[in-house]
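Visitor: Could you put the whole structure together from the sequences, leaning on the hints where they help?
Under our numbering, the first residue of the first sequence is numbered 699, with each subsequent residue one higher.
Quick caveat, the hints were computed from the structure, so don't treat them as lab data.
It cannot be assumed that every hint is accurate.
Just the calculated beta-carbon pair ranges, DEER-fashion [as the list claims (entries may be wrong)]:
1) Ala-980 - Ser-813: 24 to 34 Å
2) Ser-965 - Met-1086: 38 to 48 Å
3) Gln-701 - Asn-961: 42 to 52 Å
4) Pro-925 - Ser-793: 28 to 38 Å
5) Asn-961 - Leu-839: 45 to 55 Å
The calculated DSSO-like cross-link candidates involving lysine-lysine, where the alpha carbons are at most 27 Å apart (straight line), are [said to hold, decoys possible]:
6) Lys-708 - Lys-818
7) Lys-1061 - Lys-1088
8) Lys-1107 - Lys-1023
9) Lys-818 - Lys-858
10) Lys-805 - Lys-818
11) Lys-810 - Lys-998
12) Lys-818 - Lys-987
13) Lys-778 - Lys-805
14) Lys-987 - Lys-708
15) Lys-708 - Lys-810
16) Lys-998 - Lys-987
17) Lys-1088 - Lys-1107
18) Lys-1061 - Lys-987
19) Lys-858 - Lys-778
20) Lys-998 - Lys-1107
Think of the CB as a built atom: it goes at the ideal place given N, C-alpha and C, for glycine as much as any other residue.
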Amino acid sequence: MTQPRSEFLKTVIDRGFLHQCTDLEALDAAAMSGRIAAYIGFDCTADSLHVGNLVSIMMLRWLQRTGHRPIVLMGGGTTKVGDPSGKDEVRKLLSETDIARNMAGIKLAFAKFLSFGQGKTDAVMVNNADWLDRLEYIPFLREYGRHFSVNRMLGLDSVKLRLEREQPLTFLEFNYMILQAYDFLELARRQGCVLQMGGSDQWGNIVGGVDLGRRIEDRALFGLTTPLITTASGAKMGKTAQGAVWLNDDRLPAYDYWQFWRNTEDSDVGRFLRLFTELPLAEIDRLEKLRGQELNEAKKTLANAATALCHGEAAARDAAETARKTFEEGGLAEGLPTVTFAAAQFAQGIEAFRVVVEAGLAKSNGEARRLIRQGGVRLNDAVMTDEMQKITHRDLGAGGTLKISVGGKRHALVRIGLPA
RNA sequence: GGAGGGGUGGCCGAGUGGCUAAAGGCAGCAGACUGUAAAUCUGCCGACGUACGUCUACGUAGGUUCGAAUCCUACCCCCUCCA
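Guide: Rendered as structure tokens:
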């Protein structure tokens, strides 16, 4: 199509958020003619969202920034069914209490990215359990079930994949797309919602809703999907040593979140800046042209901006400052993870490997020992060789603190604690 | 309900009585090289003990055996086909 005219679509396309759209021109016209409401659904399968969800969240944020109304749909109802998309195996059934707890955790993140309230472009949050829980089987089947063709559903990737691999697909899961389609219609009725967005794996489910709206009420609904974001090396984004990169700081501290972005691969920097920050495109063009070591500046900018969005400006500044002191000055920085030992323990001396474990830099004594033997541990930047070396008062620098490091990136502080 | 197949370490996946803490791959960690990047090479990769060692582990619970992931029994779960 020709260039979109609406602010919303222009932004979405220029920044790399668009994968597929059911009718880009008509959607563009709708967005030009006034405020639209759009939604994305999030199932409550974990108690925090992670960076894999960030593309969707940023979509809603841009929607709001360009004058439209975002709807966050919590899948309190659909989580009980389980989305087969992109899954090789049947999902475990989650209990109602699990779902409620997960929903509470997920809400925390949205409060940071969107502004909620009663205003015209304020975001709203709804829970599909509100209507799905009340559905009656036979009436639902007669009214909505007849609009779904099993022939077509069998062709959907989410279903086809399972069948081709001869993996089980339960009837429960098979119904997921019907419920998601119904959600869209319900939101259109309740909130005047005309657009559903989501990851590319949601295409089939989204189109199902668009079709249902047309068939039942002749509504013009739109679907738009975002690309699956992988790193340049092809890995699914958002894994670290500890696991997923969570958005909630009780699952992943802001400092580690910052580090995640700081360690972006060179070839991903420009793309990530466009997707995960709100820096002007001209600025991003400049940053991604930096070469070699200079590109590290762009990575810091990325880390600062992304962390500020998720954890706030102050947390981003702290993380950046901690990183600067630690990596660029090789010094001690407040803000690193800290362990304390009693003065009496220092007096006796503590075996080095125990300190490494206590600092959370190794999972077991054996691992800590191996790390030290392999020359992977440094005490105040001096490589350690003896895992039995005693850490004592003498190792504490000014301020009564010492730094212990594993590898180039993981650091912790050790200091004297108050007598227990 | 019937017949058959299967449950092994974070994941995939070998292994059908001792040589198996369990091949191989992936993921991960460390070292070298660097730019807190990527790629490459090297080493590590159940827990505990400074090594020889001990313990825990192959769906669960028992049993056979000097010795079991491997054999037997019961149970649980999953898959395929048939009804």
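Visitor: Now, for every hint given, state plainly whether the structure supports it.
Guide: Now for the hints, and whether the structure bears them out:
1. Ala-980 - Ser-813: 24 to 34 Å: Given range 24 to 34 Å: holds, Cβ gap about 26 Å.
2. Ser-965 - Met-1086: 38 to 48 Å: holds (44 Å)
3. Gln-701 - Asn-961: 42 to 52 Å: violated (36 Å)
4. Pro-925 - Ser-793: 28 to 38 Å: holds (34 Å)
5. Asn-961 - Leu-839: 45 to 55 Å: holds (51 Å)
6. Lys-708 - Lys-818: holds (21 Å)
7. Lys-1061 - Lys-1088: holds (20 Å)
8. Lys-1107 - Lys-1023: Holds, at about 13 Å.
9. Lys-818 - Lys-858: violated (41 Å)
10. Lys-805 - Lys-818: holds (21 Å)
11. Lys-810 - Lys-998: Satisfied, since the Cα-Cα distance of roughly 21 Å is no more than 27 Å.
12. Lys-818 - Lys-987: Cα-Cα ~39 Å, so violated.
13. Lys-778 - Lys-805: Distance ~18 Å between Lys-778 and Lys-805 Cα, so the pair holds.
14. Lys-987 - Lys-708: OK: Lys-987 and Lys-708 at ~23 Å, within 27 Å.
15. Lys-708 - Lys-810: Judged against 27 Å, a Cα distance of about 24 Å means the pair holds.
16. Lys-998 - Lys-987: Holds, at roughly 15 Å.
17. Lys-1088 - Lys-1107: holds (24 Å)
18. Lys-1061 - Lys-987: Cα-Cα ~40 Å, so violated.
19. Lys-858 - Lys-778: OK: Lys-858 and Lys-778 at ~22 Å, within 27 Å.
20. Lys-998 - Lys-1107: holds (15 Å)
Of the hints listed earlier, those the structure fails to meet are numbers 3, 9, 12 and 18, in rising order.
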